[in-house]
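Visitor: Letter by letter, the chains look like this.
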Amino acid sequence: MNNQPISFQEIILRLQQYWANYGCVILQPYDIEVGAGTSHPATLIRALGPDLWNTAYVQPCRRPTDGRYGENPNRTQLYYQFQVLLKPCPINPQELYLKSLKTIGFDLNRHDMRFVEDDWENPSLGAAGLGWEVWCDGMEITQYTYFQQVGGIACDPVPVELTYGLERIATIVQGVESHFDINWNGKSGAECLTYRDVFLRSEQEFSAYNFEHADVEMLLRHFSDAEKECLSLLDKKLILPAYEQCLKANHLFNMLNARGVISVTERAAYMARVRNLAKSSCEAWIG
Amino acid sequence: MELCLEIFMEEIPARMQRQAKIDFLQLFVQEFESLKLKCSSKPEAFIGPRRMTLHAADIAASSETILEERRGPKVGAPDAALQGFLKSSGVPQNELIQENGYWFAKIQQQGKPLQELLPSILDKVLRSMPWPTSMRWPGAEHTWVRPIRNICCVLDGKEIIFDVPAAGLKTNNLTFGHRFLNPQQITVTSFAQYRQSLNAAHVMLDLEERRFAIQNDLQKICQTNQLTFVADETLLDEVAGLLEYPFVGLGKIDDKFMHLPGAVLSTSMRVHQKYFTILTNDTFAPHFGFVANVLINEHMTAGYERVLRARLSDAAFFYDQDMKAPLESRLDALKNIIFHADLGSVYQKVQRLEYCATDPKVQQAAMLSKCDLLTQMVGEFPELQGVMGEIYAKAQGVPADIAIALKGYYQPQGANDASPVDDISWTLSLLDKVDNLVGFFGIGMKPSGSKDPYGLRRSALGIIRLMLQKNTPNSLRNWLEKSVQSYQQQKVSLKSDVIETVASFIAERLSAFLKAEMPADHVHAVLDKPLDDIWQTVERARALKDLLQSETGTSLLSAYRRVIGILKGTQINKPDEKFFVLDVERALYAELMQTMPKIDAHLKTFAFKEAMTLVASLKPVIDNFFDHAKVMDDDLNIQQNRLNLLGMLQATLNAFANFSKLEG
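Those sequence lines, one after another, are chains A and B.
Under the numbering used here, the first residue of the first sequence carries the number 64, and numbering increases by one thereafter.
Under the numbering used here, the first residue of the second sequence carries the number 127, and numbering increases by one thereafter.
Among the hints, a few may not be true.
As the list claims (entries may be wrong) - Just the calculated beta-carbon pair ranges, DEER-fashion: (1) B:Gly294 x A:Ala83: 27 to 35 Å; (2) B:Asn407 x A:Gln91: 43 to 51 Å; (3) B:His398 x A:Gly249: 53 to 61 Å; (4) B:Ile148 x A:Lys250: 52 to 60 Å; (5) A:Val261 x B:Ser455: 38 to 46 Å.
Unchecked claim - Pairs of lysine to aspartate or glutamate, EDC-like flavour, derived with a Cα cap of 20 Å: (6) B:Lys382 x A:Glu240; (7) B:Lys168 x B:Asp332; (8) B:Lys400 x A:Glu96.
Treat the hints as calculated values from the structure; they're not laboratory data.
Idealized CB from N, CA, C, for every residue including glycine.
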């Protein structure tokens, strides 16, 4: 073992290289707010249809309600996923995945790796898959799913989706306690930049924004706008732009949720509206 | 011959393994039987996270030859019919036999070598396996719980190769060791060698074997450290399904978390992390037991401890936050939680429970009963609802008997859970369930088929169990009426027949409940009237069962039948003493006159056993009557009077249960 642990950015670079070598299209993050790498159209939309599609990308994920003002070691309102989608699913996806962990410094004989049942279902998107959470020494580090259907449409061929939780993986690789202690750039001493240096202030400010200051009236207005735009784009058969408006509506809903202004009844109604947008987009894509 | 067959696949969910092993074995045995493949010793199956194995130690080399005598057309039937039969049976005409005017063909189905039969046997098994969930993957024709990656088939040491389109694979004689410790390929030559090689390659083949090892090793490691391991059966099963070879370890819990309630500690550990809780002197020890799939090292233990620390930091944060505000202060926010769109908020539900409760203590418990749903702890760990209510209430100075009820009223959960014994929990539990049934039935949301989204069957069963636990008479309808009033109070409109529909729904559940312990006709005999008192009905049914199990009971029943047969629609009046001519009828009358009020009195005081004894005591006078008196006497007055006497007897028996519903 070398003294300098693998840095956060090095983990990303190696994963990208590994999956690029496999033949994946290396994409960049989607440039609007999403709650999970799955929402990137490169996964959700491209999982449908018969064409070969292998891709890998980092996706920053926004979960406004998970903000803790930077005070919780493991919870933040923004974090990174590394997302891989392989369609069709190859014959050895588990081996490919485990090998990818080796390239980022995991000694698989020194960790307790487990595939623990965790099926994925998003009834709102008519989406479902079977798979596992991958546990490393008791910590969930990856979500592993064989997509079976999206938008109510059966996936044929079946793709496999791997979603790496990058911060969690980095804490294990670097042996640190908190996400904020992760060494980002791999330097030591004065040159070292940690996750804290990069993101602490952002966590503090965004937590305050999400929970306390976001303008509710504006959020409500933007939600309606996005919804209207999405539906009108669907009419014009502009599916990818329509889907993007659906993602926007979803994030605005999450913001409203964090502001605590949505009652339980209203929540169900808002979710149904987002659902409708997502499902219509998927159907339009296939149809 | 010895057959060793292994399906090697990606990780099977732990919760499914026990049943899968049973189903897998049974499907093979069924196939063997239907193909007449004899097994001299019982086949066995094994299961682990990545493989299912079938071992038939002594299976016939080929299926038995079957001789079938197939009937054809009538002799003399048109030629076309005969030709058709010759074709379908494959027997030449000169070998047909005539019997009872029909043509018969003796068809001999030659046994086939096992090796030839294996592909179809396996195909059938793969396509019939009842997995709770299954998936498609590229290459496979059929679905399976997770992708199959290899199939090993060895017959008497020989590799049997064939295509398995269901899984998109070709069989071979290979298997693989532990995913991480010994991933190499192993060539299989016999079951014994297979099992031994796998064991050497860190794979314990059988679920029970792993489970036993885990329990044993955890016990040992705890003993060594002067700690007590309490076997958690469910968790043992689950963990045994998550690893190929168990290594146990002991981790430490930071002292700063040991102030957290035991339920919080154990939920974080057991449910979320699959760690075993450990005791020292009957309280939680600052340790946990864990089981790894590879040899444990310090890094790994540190990792396990770190994950728990993160979980418990969250829990401690929630606990401290929740403790800042009294439970009661959350009441108002329940207005924002919808119980059901047509039945109002949870706050309204709480108000209804308070309205129905008469005891101020039950009212206070009702008021607090849903407040913990809004705590952060329950938000994070929903399974702690009620548990946290009790913990927070106690810590915030709510009287203990009320605090206990906040958790107690969730009982009974499921068919095997005990009912609460304290009055406050008992009453609140009943009110809660009655409110569910009355509300949902009142708006027409009845369970149908397998759909019961509001758990109404469970509520009904809960009410039955609560009533039985109290062991005293109790009118169900009083509770239902009160509940209906509480809805009316809130101007919630319910269907007018709600009390009847709920009562008959509970009667249905009660009927199912009773049928588990006695014949159906007994149940119908006591449930022939609209249900009101559940406990009485059950006591009555049980007394009836005791009666009918005795010889006296069965002969009483046949006497009753005789009475019914004779009476058949006759107009019945009171018997008149002046028309009695025989001693036996006077004796029966006197006995009935004396016994009827006593039975009545016993029934009124719910002394069903005593009532039953009295019913049974009538047997000699009844027998005597039938032995010596002819009911259909020529004198019509005497005849009618005897019929009247029998009518009286029928009424006496029916006071106890509706005997006409009983079957012989």
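Visitor: If a hint holds in the structure, say so; if it does not, say that too.
Guide: Comparing the hints with the structure gives:
1. B:Gly294 x A:Ala83: 27 to 35 Å: About 28 Å separates the Cβ atoms of Gly294 of chain B and Ala83 of chain A, which means 27 to 35 Å holds.
2. B:Asn407 x A:Gln91: 43 to 51 Å: Roughly 58 Å apart at Cβ, these two residues miss the hinted range, so it is violated.
3. B:His398 x A:Gly249: 53 to 61 Å: The hint (53 to 61 Å, Cβ to Cβ) is violated, given that His398 of chain B and Gly249 of chain A are roughly 33 Å apart.
4. B:Ile148 x A:Lys250: 52 to 60 Å: Holds, since Ile148 of chain B and Lys250 of chain A (Cβ atoms, about 58 Å apart) stay within the stated range.
5. A:Val261 x B:Ser455: 38 to 46 Å: Between Val261 of chain A and Ser455 of chain B, where Cβ atoms are some 40 Å apart, the hint holds.
6. B:Lys382 x A:Glu240: Answer holds: Lys382 of chain B to Glu240 of chain A is near 16 Å, not above 20 Å.
7. B:Lys168 x B:Asp332: Satisfied, since the Cα-Cα distance of roughly 17 Å is no more than 20 Å.
8. B:Lys400 x A:Glu96: It is violated: about 34 Å lies between the C-alpha atoms, which goes past 20 Å.
Comparing the model with each earlier hint shows violations of hints 2, 3, 8; every other hint is respected.
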